[in-house]
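Protein chains: 2
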Amino acid sequence: MIEDKNQDRTTLDKLGEFGLIEHLTQHFSLQHKSSEKGIGDDAAVLDFKNKKTLVTTDLLVEGVHFDLSYMPLKHLGYKAVMVNLSDVYAMNATATHITVSIAVSNRFPLEALDELYEGIAFACTKHKVDLIGGDTTSSTTGLLISVTALGEANSANITYRTGAKPNDLLVVSGDLGGAYMGLQVLEREKEVFKVNPNSQPDLEPYSYIVERQLKPEARNDISGLLKVLGVSPTSMIDISDGLSSEILHLCKQSEVGCNLFEEKIPLDPTVISACEEFKIDSTMVALSGGEDYELLFTVDQKDFEKIKGNPNLSIIGHMTDASEGAHLITRGNTKIPITAQGWNSFKSE
Amino acid sequence: MIEDKNQDRTTLDKLGEFGLIEHLTQHFSLQHKSSEKGIGDDAAVLDFKNKKTLVTTDLLVEGVHFDLSYMPLKHLGYKAVMVNLSDVYAMNATATHITVSIAVSNRFPLEALDELYEGIAFACTKHKVDLIGGDTTSSTTGLLISVTALGEANSANITYRTGAKPNDLLVVSGDLGGAYMGLQVLEREKEVFKVNPNSQPDLEPYSYIVERQLKPEARNDISGLLKVLGVSPTSMIDISDGLSSEILHLCKQSEVGCNLFEEKIPLDPTVISACEEFKIDSTMVALSGGEDYELLFTVDQKDFEKIKGNPNLSIIGHMTDASEGAHLITRGNTKIPITAQGWNSFKSE
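Listed in order, the protein sequences are those of chains G and C. Residue numbering for the first sequence follows the numbering used here, beginning at 449 and increasing consecutively. Residue numbering for the second sequence follows the numbering used here, beginning at 449 and increasing consecutively.
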């Protein structure tokens with residue numbers, strides 16, 4: 449689907465590892481005061497002073513997490529960073545630094561890696577994080593990206609998965625299910641393309657959900673928004689595997705139960721119409737779709753008025769005593785136990 | 449060469465990602481005061497107080513960096529950690545935390561990953577570092593390990609590659625070339641094994657160099673030794689790619705030249721005899737072999753008496769003005785320019 453318009457190809461063996469790192473990182477500069485030394489020594493040196501340091505890491509594997517037949521490399525670089533920053537934001541913290549390691553087969557020319565790093569650079573600029581290290585090596589097949597993100601926070605602000613209490617309100621940012629439905633559209637177009645390589649897919653009506661899949665945006669705004677609203681979340685997690693899986697994490701780690709209201713789950717109109725077209729239940733998509741990178745958190749009931757009606761936030765349920773379990777209350781007022789249908793990369797389809 | 453004695457095999461899809469992480473990390477505990485939260489939330493939380501934070505990362509790929517036909521998984525886990533800790537030690541710092549991410553194909557049963565994590569756990573215990581996070585996912589082929597190491601140091605102790613001055617002495621810990629010659633022995637035995645699968649290799653005479661290859665030990669003792677000796681290194685790097693490549697890094701980044709004396713390069717007797725057996729020049733092996741994970745550093749000339757004769761350290765040369773370039777002075781007193789023959793994973797053999 450993606451035509452290679454760039455006919456200039458530089459093979460990677462010409463540069464060697466040090467030359468490649470130098471080439472790929474030449475336009476990155478350090479913005480954070482805490483970055484004392486970035487790329488170029490055995491290790492980076494950071495100074496977080498009196499703040500706490502956050503660390504998280506994620507691995508993206510070609511053929512498992514992404515398909516280069518419809519994922520432009522620039523978007524892939526952007527997404528690989530977002531996936532990690534989202535984990536820092538889910539601690540109610542600020543992201544500050546990343547390291548990026550890639551394993552890449554010789555079939556990729558330098559120009560392809562340039563595109564990948566363009567996306568990484570764009571993510572760094574937009575989210576104000578410094579690239580401070582990494583490793584590049586060859587792989588026997590495909591592309592693999594390993595990102596580690598660091599962040600900082602004042603001790604009092606860090607929000608764990610463990611702090612939810614019975615009667616706390618369950619809140620989610622943005623809307624859900626878009627990334628999954630975007631993937632369905634892309635997979636369908638890929639099949640069409642296989643049959644007819646001259647087909648020109650019209651993705652315009654699906655642009656919102658396709659973008660949710662290809663270029664997700666980690667929610668670095670929620671921490672600030674909650675501060676402005678005067679709300680301290682009691683627990684927080686990001687939605688990478690689907691709403692049900694994340695709710696169960698909060699319940700298990702906070703030792704509480706939950707009532708989730710189907711009618712309150714925020715869905716974009718594009719998601720609803722795509723679900724109708726694909727004949728998939730939109731609630732199932734929100735519960736199990738994953739990759740939305742929205743934030744899911746709990747707040748004390750006294751904060752109801754502060755949250756209510758905020759266009760960025762939806763109150764979708766409340767926590768209960770652990771003994772009550774975790775349930776979805778359907779539109780028809782039926783109570784269904786929530787089970788994790790999250791994605792398992794080890795499962796053979 | 450390595451017989452699978454364990455006939456119990458648990459497939460990874462049974463556990464799923466969360467189950468797998470929980471299983472693999474259940475016996476790890478946090479030892480560092482700075483570890484406020486390890487595995488189990490969106491990110492780990494660390495408190496380095498008034499110390500600086502060091503960050504480094506490395507990627508090990510099956511078929512590129514290791515060959516499982518002679519690399520036991522337990523040793524691989526140990527080595528993957530050592531490679532990273534070595535980079536922290538090369539800043540004259542203390543290693544404190546690691547994250548470990550793995551991509552693994554379904555051909556690996558759970559028991560294989562248990563062995564890998566046994567080696568990781570042993571490395572953590574021996575080097576007093578806490579495992580605080582990671583990611584596990586499937587790969588379409590083989591095994592890939594991505595480790596990020598964090599460390600801490602007082603500002604005054606951090607040693608960069610940039611501080612060497614003309615007339616500084618060039619010092620190396622331990623001895624060189626062992627890891628490379630160990631690899632030659634293992635590769636030879638692998639070829640023998642292909643022809644005759646019943647062959648029982650006698651690796652006893654090569655045990656030192658085979659261990660240098662399979663189970664290298666990062667030098668966490670040098671920083672303390674230098675403190676005891678009252679020596680502040682002016683620049684430092686670890687030897688992962690071979691002595692010549694690392695010397696050139698120090699020269700380039702410190703803007704100095706170097707005279708390296710062939711007769712001073714420390715070689716273990718096993719390395720010398722293996723070089724004779726394989727008909728390889730031992731100086732070439734030390735210069736270009738790599739993977740020894742010894743530390744290479746410079747000290748002021750006034751520290752000569754403190755370093756001289758120390759069994760852990762060898763003075764192998766001195767730095768010069770940049771205009772003089774970097775040279776090897778051979779036993780026959782010939783001056784040869786040092787060129788990097790370091791390993792390039794992108795080069796097709």
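Think of the hints as simulated: they come from the structure by calculation, not from any bench. Among these hints, one or two may not hold up.
Treat identical chains as interchangeable: a pair holds within one or across any two.
Cut-off 20 Å, straight-line C-alpha distance, at most; resulting in silico cross-link-like pairs (EDC-like, lysine to aspartate or glutamate) [as the list claims (entries may be wrong)]:
1. Lys499 x Glu484
2. Lys750 x Asp729
3. Lys497 x Glu484
4. Lys485 x Glu703
Quantities reported herein were computed from a predicted structural model and do not represent experimental measurements.
Status of each hint after checking the structure:
For a Cα distance limit of 20 Å, the shortest separation of Lys499 from Glu484 qualifies both inside one copy, at 16 Å, and across copies, at 12 Å. In this assembly of identical chains, the alpha carbons of Lys750 and Asp729 never lie at most 20 Å apart, being 34 Å within a copy and 77 Å across copies at closest. Taking identical chains as interchangeable, the C-alpha atoms of Lys497 and Glu484 lie at most 20 Å apart whether they share a chain (12 Å) or sit on different chains (16 Å). In this assembly of identical chains, the alpha carbons of Lys485 and Glu703 lie at most 20 Å apart only when taken from different copies (18 Å versus 42 Å within one copy).
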